[in-house]
Structure formats: C-alpha cells, structure tokens
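Colleague: Please model the complete structure; the sequences and the hints are all you need to start from.
There are 2 protein chains.
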Amino acid sequence: MVLPALERFDLEADRLPNRWYNVIPDLPRAPEDFVDPATSRPVDSAYIDRRLVPALAAQDRSMERWVSIPPEVLAQYRVWRPTPLYRAHALESELDTPARIYFKFEGGSPSGSHKLNSALAQAHYAKRAGIKRLITDTGAGQWGSALAIAGALTGLEVVVYMIRSSYERKPDRRNLMETMGAKVLPSPSEHTAVGRQILAADPGTPGSEGIAASEALEAVLANPDSRFSMGAFANHVLLHQSVIGLETRAVLEDLGEEPDHLIASVGCGSNLGGFAFPWVADRRAGADIKILAAEPDACPTLSRGEYRYDYADATGQGPLVRTMTLGHEFVPPAIHAGGLRYHGAAPLVGMLSHEGLIDAVAYRQREVFAAGAMFARLTGLVPAPETAHAIRAVIDVALRCKSERRASTIVFCYSGHGLLDLGAYERWNHGLLEDVEDLDQLAAETSVTS
Amino acid sequence: MVLPALERFDLEADRLPNRWYNVIPDLPRAPEDFVDPATSRPVDSAYIDRRLVPALAAQDRSMERWVSIPPEVLAQYRVWRPTPLYRAHALESELDTPARIYFKFEGGSPSGSHKLNSALAQAHYAKRAGIKRLITDTGAGQWGSALAIAGALTGLEVVVYMIRSSYERKPDRRNLMETMGAKVLPSPSEHTAVGRQILAADPGTPGSEGIAASEALEAVLANPDSRFSMGAFANHVLLHQSVIGLETRAVLEDLGEEPDHLIASVGCGSNLGGFAFPWVADRRAGADIKILAAEPDACPTLSRGEYRYDYADATGQGPLVRTMTLGHEFVPPAIHAGGLRYHGAAPLVGMLSHEGLIDAVAYRQREVFAAGAMFARLTGLVPAPETAHAIRAVIDVALRCKSERRASTIVFCYSGHGLLDLGAYERWNHGLLEDVEDLDQLAAETSVTS
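Chains F and R are the protein sequences, given in the same order.
Quick note on numbering: the numbering used here labels position 118 of the first sequence as 118, and the sequence is numbered without any gaps.
Quick note on numbering: the numbering used here labels position 291 of the second sequence as 1291, and the sequence is numbered without any gaps.
Don't read these hints as lab results, they were simulated from the structure.
None of the values given here were measured: they were computed from a predicted structure.
Mixed in with the good hints, there may be bad ones.
Distance windows between CB atoms, simulated [to be verified]: (1) R:Asp1096 <-> F:Ala13: 26 to 36 angstroms; (2) F:Glu367 <-> R:Lys1132: 30 to 40 angstroms; (3) R:Leu1255 <-> F:Arg406: 26 to 36 angstroms; (4) R:Asp1044 <-> F:Pro98: 45 to 55 angstroms; (5) R:Phe1009 <-> F:Lys183: 44 to 54 angstroms; (6) R:Asp1096 <-> F:Pro54: 49 to 59 angstroms; (7) R:Arg1029 <-> F:Lys183: 37 to 47 angstroms; (8) R:Asp1096 <-> F:Arg19: 34 to 44 angstroms; (9) F:Arg196 <-> R:Glu1094: 34 to 44 angstroms.
Simulated crosslink set (EDC-like; lysine to aspartate or glutamate; CA at most 16 angstroms straight-line) [said to hold, decoys possible]: (10) R:Lys1132 <-> R:Glu1168; (11) R:Lys1183 <-> F:Glu426; (12) F:Lys183 <-> R:Glu1426; (13) R:Lys1290 <-> R:Asp1260.
Ideal Cβ positions, reconstructed from N, Cα and C, are used throughout, including at glycine.
Modeller: Given below as structure tokens:
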C-alpha cells in the first residue's frame, strides 16, 4: 500500500499534559533582571503590578520546573489538544531524503495557531484577578485572534493594537477579532501619545511590534482596570507554550524516535520556546539535538542581532531587557510573515541563542513561499508564512541529510495555518511576490523611528 | 468546576468506519431513473461512462447497504478523522434551554469542511481508472477547495467552474484552489458555449450552481480524458459523506444518547445526507427522530420547491432527475452562503423530503449571521454561513424545548469553518449585511436565465 502524504500519531486524551514545563531551572545561568528605564534599577513589584497580571508576573520569576495547569484551562485545551503529530511522507519522497520528517500541528486550534495555548491561560488568570480588560499588540494577528477568542470565552474585554501593515493587508484577522468582540486599532494610532508622535514623524510607517507594544503599554497605564498581555517575549508565555513540546516528546517516545533536529520559526520565540525547550536539559547534558530557529532575512534577530540590554518596545516605554536585539528603533519591512517582525527575541530564547544552544538561519520571502506552496500541494495544508520559514529550514536540513547520506529525525513545529494569508499566496501563485534583496538596502529604504 | 464552552468526545482512531453506509436499501421505494433529455429514456451506460468515473456511477446504483472504504482513502481520512463531537454547553447556557446540544465538527479537515470526505474518494477512483482530469462546479468554493486538495494529493488535474458571485466575493477560496494547483474559472465563463450564451443574455448574472454544472458538463464532453465530479447531488457523494453520521452515531452510543433532532444545512444535501441518513431506518421503524434541513429563504428548495422531474443543471445539459426543485432556471440571489445556492436537492434528499421523512425550515440571511456570530463568541469557532443556517435552526429548536420544558437531544452537523467568509462577518459586525426580505420580490429583482 502506498503511504499517505501524512501519517498521523496521536497522544491519548488522558495524556494531555497537566503541567507546564519551565526551562529556567535548566538554563546555564539565571536570567538577568528587567530594568526600569526611569530608575535604571531592576523593575520593582509596583512597576510590575501596574502592568501585568500578578499570577503571570509570578510565573515569569518562578524557579519551579513544573507548574500545574489550572483545570479550567485544561478543559479549554481539550477542545483541540492533544494536537496531532504527523509524519510528512510526501515531503520526504519529494526531497528523496533519508531523513524522517515529523511535525507537530498547532494549526488546528480555534484561533488557527499555537497562540491560543497562552491566551487561554492569560485570560484565566486575569479574570481570576478581577481584571476587566487585557490590552495587547499583534503583528500578523495570530496573537490578537487568540486573545480575542480567549477574551470571548472568559468574559474579558480585549483591545488589540495591530501593526498597520498587517491591519491593512490582513483585514480578515481584524474581522476575526471583531467577530469575537475585541476592539482592534491600527498601530501606530492616534489613540496614544506615542502613536501620534510616530505618525507625525513618519505618516507612512508600516508599524512594528515594538511600536504596537509601546502603544499598548501607554494605554494600560491610562486604564487602571487594564493590564498588558503579551503573545510572546515573557517567560510565562514560553511556559504556557511548553504543552507543544511536552506532547511532541511523549508521542516521539511512543514511536521510539529521538529527534536530531528541532526546528521552528522565530519572531520573538514563543513557538520555538514552547516546542524545543523540553529538550534543553538533554542538549546541555550532551545529547546530540540541534535546535534551529528559522527567521526572516528582513528581521534576523538571532542571526544578526546583538546580545545586550535594550528596550522591549520601540519607544522606551517598556523595561530594558537583556536579549538578542536588532535595536529597538529597527522597523522591519512589511513582509507577509507579520508575526516575525519584532526587533528582539524573548529573553530566554536570546540567552540560549547567545550561549550557542540555539542555531539560527534567515530566509528571504520568496524562498519561504516557495517552500510553503510546495508543502501545501504535497500535504493539502496551507501553512502560515511564519510556519513556512520553519518548512524552508526543514527542507534545507533534509537535503543536507540527503547529500551526506545521513538518516536523521527532523521534527518541526507547524505553528499555524495560512488560511488568512491566502492573499500572499495569491501573489506568490501569480509571480508577484516581492523579495527582500538585502537587509542593509532595506534598512535604508524603510522607515526607522527615532 | 465551571463547564467549558465546549466539551469534546472522541471516537478512538481504530473505530474510524471502514465502510460507508448506503441508504438506498432503507428507502421507502427505489429511486427513479435519471432520464437523458436527448432520448427521453433512462440514461444508458454510454451516457454515464462518458461523463462519470465508472466506480462512482456503480456506487450510484448500488443496492448494498455497506460499501468498503478503500485503504488508500481510509489512510487519507486518518489525517483529520475521526472528527470530534462537541457538546455546546455555552450555547445551552446562553439559551437557558433544557436541551442538550451536540455537534459533529467537520470544520477541521484540510479543506475546512466535510466536502473532503467525498473529494478524496472521487480522486482515488478517478486516478485508479486512469482519468487525467476532474472537472467540477463549486458554489462557495468549499467543494472546489476539497477537490483541488484531493487532486493535489492524488496527482490529478482539477478544473473548477466557480459561480461568479463567489469567485468575486471569495477570492481566498480561489486562491486556495490555485495554491493547490487547480484551474479556477468564474461561471458563467467565456470558455463554454453555455457560458457565452448566458453572458450574452445577462452580462451581470451572479451565476448559479446549475449554470456552473452546465459549463462543467460541456467541458467534460469536449475533453475525453476528463470526467465530471460532483460535490453533492449524486448518490455516491452522500454515500461517502456517511462517515459523518456513522462516527456521530458511534460516539452518541458511547454516551448513551439518542438524538431527538438531527439538524444540518441543505444546499443540495451532502452534509445532511451524510450526517442523518444512518438514522433513516430507525426513523422508518418508528423511532422519534426528527431530521431537519435548514436552508436559505433565498433558495428554499425543500420548503417551497416541487417534487418532479427537472434538469440537474441550469441549461438542460444534464439529465432529467426526479427530486425537489425550484426549477432549473431559478438563479438564487447572491447570498453569502454560496454553497446553498442550488435549485434542486440531491435526489435521495428530495425523495425523503417528499415522503415526509425530512422536515425543512428556511431562514433569511441576517438571522443566520446573528446565529453564526453568537455561536462564534460563545465557542471561539467561526462557522461557515452554510453551517450558520443549521445553528439558527438549532437555536429555534432549543428555544422551543425551553418553552415546552422538554429535555431533548439536539445534534447538528458543523459542516465547515467560516475563516474564508470573514468578509461577510465584517459586514454583519458593522451592520451592513443585507437581508433578503421576500423571495418573490427577489426573484423579480434577480436575473433568471432562460
């Protein structure tokens, strides 16, 4: 019998993890403090409490390796979790590679990506703390959609500053958020002092995650019943996303497979962290497991960034954080993978990258869409442009295995579907998709706020 | 503990049905022959063989109650099947109804709807018969997307005549098909004599399923290596879709639930047939199970059609078939539920409707979107406009249960997601969605081909 394009492996429902994994106890060293730019000293509890949901801020600092998932969140995870692990036989055949290629499919969540894993947890803790409203920033809209759904299910108001290039290019992400009852504003907006200032300086700016975060933080400080919510960056987000890696690991163990390559796209690092961190301790103990981050050449935070203290947002509202960064003033060009347009990495991802435990590779837009479109025809699944970065990296690793005649086990995270990105695929299908030829040239052509 | 919005019930992977259920042996009487308009006699094997894949034509006439699912198709089903059954606690609470509301979730397939159940089977049999190309018609694009994916996975060419109103309103369905490598043409098109004739008479026509079917049939006859493929109507399609009902029945039996109401939307009847037919024999044996079809007021085939011989397509290319019909010349207005814009019912659905075994209710567009948007906020799932018709009917039945203080078990088919219909939700969210006030008025305002 011919193998199907995709072979599915499930974890039984009663093996859905009931604890999240916290990588901090397994790091080479303790994470550095966040610094308050107003005092140049580590952020204090008043600073944190005014901005963040208390339980989430506590998770950010937790030294516990395992954190219980609240039963209410577990019950919500059960709507689509455990997610399937697939073996991509068709991709292996197409590449004629001896590598075995698996992927964890996070595209089946109600929001369409892994982002809902953290959104539901954040909404739960916010609601329990009596917070009325969560305010956030979103790039491609995957995070905003997830938080909008979590807000609708939990009975919380949600306000989303959506970077303008995505707001304009991806009306259906905005429509999805609005259908769930969320308020969506294009960033930079006229609703904040930060937004007005940036618009005055550069009316045509495409926006960035950093700018949208600045606006969200300003709005939080102006609304005492609101708190800031992050779709990536914070330690607690990577903690919540660890369900991805824990499930993946359990199924691979059932199959008797040990991964050689763990691959995920990186904007800030929430899907890579959640997917790969459960193997960090093995890697540090000497296991030959490579963790590879696929990022856009247009925003190569890990490939070309520096490891240093920088602002978490674009305009210095947020704390100073030590991580990999392209500089908080960097505004990436408006590539279709809007979820990867952030100047910095999550601090845990930045540290592990700096310590050499995570490798990175950067791709141009057209080679990414070539990979995404090929994968779609081979499997019937249209990947998000962010996910297509990971697929591009998988293809390269699999072809290297072929040329080296090396059987490897490659596992990647399929972070989300591309059904709301079909306009970009249309451009690709018709040969109209623009490429990004050179980052330095782009930086010169692209707005940089100051 | 608070109940989650949705509670999920799974069928184990090894209980995926390995046979389809054929309702024909359980009908009150044998289905009538299709009639060739050229001879006014039952279609003969030459007529059929020139148009249809032989194995599918044989399934249309099969008197076997159970038909084995080919292992290749089963392996493809396994990518997303068995699908979950959910209990919609949040909807029950919102309506304050004593009814228990379940739904079978077909929105998780790679194509986003139940349509892939038949598309994969059809592509398999076509490929095995050495056919090079399948040509089809599509309304909203759900069927076209499914066949495009099946073609990509099987290595068959796919050509889709997509009704013009959907082609223009739903570019992302077209983009999805093209990403899979299918050729998509707006119907009526300049590519067929039928299309040219209709365009000449009425350049502004929104098109219809019947017109698109006429064009596809003409194209099939002009290309000897091609066959016609149907997303609904034919008995073999309803056969393939029976996996929905068989899985639903197995899970309900595990739960000790017996359905009182089985509800699905109906354009032609493929999701209703696949979902509800496994209970027809029980119904005929006296079980108190109501089967309810939810259709658009703008195209009320079962509510206001006649049971008689009529052409299957709009222009008399296709055979004459006895079923419920609004008349083959009827061109429904361009409602957003493009998948429900067909003048006739599948003959098996038409017969059971005529025999009183299926009830029908028709809804206007705005009351349908009100139900869809409410469901989205309660569950985090955005239903296709077609599916929202079923949800509207579920709400009405559940409210009737409330007023009658009657605990009932309502089960409906969630035929597909609405992620590629968010433009219609945008209009609803902003109060711009048009309603259809009166069918007769509409008929007067809307093009009718002749």
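Colleague: Which numbered hints turn out to be false for this structure?
Modeller: Violated: hints 3, 5, 6, 7 and 10.
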